[in-house]
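> Here is how the chains run, residue by residue.
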Amino acid sequence: MSKELIRLVDCTMAYDGETVLNSINLKINDKEFLTLLGPSGCGKTTTLRIIGGFQTPTSGDVLFGGVRINDVPPHKRKVNTVFQKYALFTHMNVFENVAFGLRIAKRPEGEIKTRVREALALVALSGFEKRSPTSLSGGQQQRVAIARAIVNRPQVLLLDEPLGALDLKLRKEMQHELKQIQQQVGITFIYVTHDQEEALTMSDTIVVMNGGNILQIGTPADIYNEPNNAFVADFIGESNIIDGVMLHDKLVRFSGTEFTCLDTGFDRNENVDIVVRPEDVKIVEPDRGQLSGIVSSIIFKGVHYEILVDTDDHQWMIHSTISAPVGQRIGMLLTDDDIHIMHKSALPEAAAEVDE
Amino acid sequence: MKRFLSIPYIVWMAIFVVAPIILVVVYALTSGSGSFTFENFAHMENFLSVFIRSMIMALIATAICILIGYPLAYALACEGPRLQKIFIMLIMLPMWMNFLLRTYAWMSILENTGLINSLLSALGLPTVNMINTQGAVVLGMVYNYLPFMVLPIYSVMVRIEPSVVEAAQDLGANSFKVFLRIIFPLSLPGVLSGITMVFVPSVSTFIISRLLGGGKSLLLGDLIEMQFLGSAYNPHLGSAISLIMMVIIIACMMVMNRFGEGEERAVML
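Protein chains in written order, with this note's numbering: chain A, 1 to 356; chain B, 1 to 269.
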């Protein structure tokens, strides 16, 4: 069982009266790959910068191994950061960039040499020691930035959208490499991204944020399968979100039809959000489905078809390996566990995001 | 089309840059009767002391400009954008006034009966002789050319990414080490161009040394001016001295550029 390393207690951040972080609480375990996920402006980078020591929370505490570190400056923290635009030192070669932290710590020359070599080998950049960072590609610069951070053997590595500037293919490769590096060096990674797929691929724990609030914390599978509000459901993967009314436990009505479901604990006749994943909708004969509608578009996506179906009150998105021609009436079948019921979001910002 | 647009510029350059240089070379290599000669260069050693004095005073002025200008530029770059604008304006402001006027103003401040000495005697303190000294000349150089040191350093400093500074802090560097290892090396190209922009006009000035130095300590600029407009009228010798000064300055610049090449590239990005 891994132990707790970092804890944020009621951390609030405000600039000029505008709240960027709204009293968040977060626990980060040792050797965990934790991702802060959310749209831009959700407070994820601010959270990272608070942990790195570049910003001090307006109120609340940052604990590291149980000790309050609010006032500890960045150069005295046992964390290192990989910056969004790499922030390499352009007046030094690759070796000196990576050696920077060790030189500041006044390690002996021999040790610096071996550790820099090891770090560069870890990011597959052996032989690049003498090159100038400006002569490297984006992916290579990224690796230098990672080597420069992990060579110091921090307890925690903070990564601020490190793959944002790379093209899709390289980004995928780096995702796997990062995960490998994390397992190899066995330290905590705190990763900031707005890319839900990246978060699902790499993380042990995902923290979904929006409007300065933490909406959900969980494993990738939890977050994907059991999103606890419509914003999370929509942000992680695609979803059909429909207004509904909870009649009583395990019975809900939406689109003029009553459905049995698995959810309990809602008020009688409470207005709720119904979330249905596109891949959970089964296409059947029109008279055999609980709902029926007319196919308005179909796009081949490789693994599946993306089908849009218009019913009387909603447009459904369906991912299916079965195709259906545009204009055809089809039936849609939902089983109990395809229907996820969520309280109407209490957070106005989150609700606004869903509308977009 | 582009070629047509560049014609006025080429004509301008030919008339006002290339032609004068050719004239200087021709004058330097001819005698009064118009025949070819190296005679004008033969007695340069007589002016060795003037060369050395000019160099030393320009170097001192440049060094003082760095000492004042660098911290000023650094402090400025750390300020918020609004304060930066105001201070840049203040630094530029004197440059909008006539150069002569500014130097005359310093005369009336430094004179034996000038502002400072009147103030000193009013306070019952002994007066100090400041005008017509080498110190006054260096002061004039520093005052007039300081903006040319501050502005290039400042413009390089503001281009240093804040995240680079944060990265250094993150890797364990305290403020002093961040400055020494990151900010200073990254700002060197600005310092180099500042040195060029202060040293070159300082080494060739004659107004400043005339007005504030009282013609006591002859500088290269004075020497050349004397050959063309002054008592010792001899444009051939004047051209020869100018030519040597140009060669020395170009040599200095080339050495500096070689030295600065690495950093120059670093700041391009």
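Heads up, some of the hints might be wrong.
Short derived list, chain B residues pointing at chain A, Cβ under 8 Å [said to hold, decoys possible]:
(1) ILE64
(2) ILE91
(3) ARG102
(4) ASN129
(5) THR133
(6) GLY135
(7) GLU166
(8) ASP170
(9) LEU171
(10) GLY172
(11) ALA173
(12) ASN174
(13) PRO185
FYI, nobody ran anything at the bench for these hints, they're computed from the structure. Ideal placement from N, C-alpha and C gives every residue a C-beta, glycine not left out.
> Does ARG102 of chain B pass the interface check with chain A, least Cβ-Cβ distance below 8 Å?
violated (37 Å)
> Does GLU166 of chain B pass the interface check with chain A, least Cβ-Cβ distance below 8 Å?
holds (6 Å)
> Let me know if the C-beta of ILE91 of chain B comes in closer than 8 Å to any C-beta of chain A, holds or violated.
violated (27 Å)
> If you take the shortest Cβ to Cβ gap from ASN129 of chain B to chain A, is it below 8 Å?
Violated - the Cβ of ASN129 of chain B stays beyond 8 Å from chain A, reaching only about 47 Å at its closest.
> Holds or violated: is there a CB of chain A closer than 8 Å to the CB of GLY172 of chain B?
Cβ of GLY172 of chain B sits 4 Å from chain A, so the hint holds.
> Closer than 8 Å between Cβ atoms is the bar; does GLY135 of chain B clear it against chain A? Give me holds or violated.
violated (37 Å)
> Once the shortest beta carbon distance from ASP170 of chain B to chain A is found, is it less than 8 Å?
holds (5 Å)
> A closest beta-carbon separation below 8 Å is what the hint needs, so does ILE64 of chain B meet it against chain A?
violated (26 Å)
> Does PRO185 of chain B pass the interface hint, meaning its C-beta sits closer than 8 Å to a C-beta of chain A?
holds (5 Å)
> Does LEU171 of chain B meet its interface restraint, that is, does its C-beta lie within less than 8 Å of any C-beta in chain A?
holds (4 Å)
> Identify whether the interface hint at THR133 of chain B stands, where standing means a beta carbon of chain A within less than 8 Å of its own.
Hint on THR133 of chain B: violated, closest Cβ of chain A at ~41 Å, above 8 Å.
> Using the nearest Cβ pair, does ASN174 of chain B come within less than 8 Å of chain A?
At 6 Å from the nearest chain A Cβ, ASN174 of chain B passes the 8 Å test, so the hint holds.
The structure does not agree with the numbered hints 1, 2, 3, 4, 5 and 6 stated previously, though it agrees with the rest.
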